[in-house]
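So the protein sequences, as listed, match chains A and B. Under numbering that gives the first Met the number 0, the first residue of the first sequence carries the number 0, and numbering increases by one thereafter. Under numbering that gives the first Met the number 0, the first residue of the second sequence carries the number 0, and numbering increases by one thereafter.
As a list, the in silico DSSO-like pairs of lysine-lysine whose alpha-carbon atoms are at most 30 Å apart:
1) A:K45 to A:K24
2) B:K73 to B:K158
3) B:K73 to A:K52
4) A:K1 to B:K73
5) B:K73 to A:K45
6) A:K56 to A:K24
7) B:K73 to A:K56
8) A:K56 to B:K158
9) A:K19 to A:K1
These are calculated hints, taken from the structure and not from any lab test. Small disclaimer: the values here were computed from a predicted structure and weren't measured.
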Amino acid sequence: MKTLRVLDSSGDQVILFDDKLSASKAAREAEALFTRLLNEGSTAFKVNRGDGKLDEKVTDFSVLENETVLVPRIVGG
Amino acid sequence: MRKQLTWDSQISMRRQTWIMPARTACTKAGLQRTQSRTRDIWRRQWERVQLACERVSDWFAPADPMAVADLRAKRLLLRLLSEGQREELNHNGYFSVNVQGRGVFCIFPRTVFNVLEVRSGDRYCCVSAADVPLWDLMLAQKLMLENDPSHFFSVANRKPDLVIGPQEMHQLLSLHARRSMGRWAQDARPPFST
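Could you build all of it, start to finish, from the sequences and the hints given here?
Given below as structure tokens:
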């Protein structure tokens with residue numbers, strides 16, 4: 000089971016999906032959301048990777064690990 | 000020999016002897032009658048019950064959504080910070096991020112110009128286009144600085160007006176952090192004091 004966390008006004012929105020069932024509805028919806036948000040300017044990071052691995056920027060849905068944080072588009076303040 | 004009185008006659012006698020004169024005296028003295036005082040006591044008790052019910056309903060009612068979002072965001076940030084950054088945030092109210100090739104940057108709990116480059120004293124402002132809690136903004140800034148600094152610096156606005164020495168910098172950082180976190184220590188002295 001993998002987790003997508005989309006940062007929003009409620010803190011974060013959590014989407015859980017099973018990567019083993021790539022054809023499942025939840026996985027397809029998660030992939031569609033991931034793609035749409037990246038196209039809108041969001042940035043995704045693999046976090047909480049374990050074994051001392053550092054966080055990493057990710058752009059491909061197929062290489063997501065256990066937990067991914069989607070940061071909304073950033074602008075200069 | 001005393002006459003054996005029935006219950007009714009006893010009540011009647013006592014009513015005539017004690018209760019009626021007492022009521023008359025109370026009325027003359029402007030005092031409330033026993034019945035109305037009892038009603039007041041019950042009214043006050045009922046008000047207390049209603050107040051207790053309101054408190055219980057408040058307890059069960061959903062909390063302020065903004066506060067819930069803030070708490071949720073803070074929990075996520077604390078979980079995703081490294082051990083050192085977490086300790087730094089708990090002790091100083093800010094945490095530092097090591098940006099490859101650029102040095103150390105401090106992220107303060109503020110919404111504008113809250114990213115400070117320690118080496119130069121420059122401040123950067125970069126916010127989320129979506130409305131997110133402050134702790135989510137800090138998390139976003141941390142992730143961007145650590146993993147995609149070129150994108151961060153390409154969009155962030157820079158304000159190069161805070162150039163001071165390292166000793167003063169440390170004092171100022173602590174001061175800013177205490178103010179931002181609302182934990183102003185009584186014994187804290189302003190920076191640059193001799």
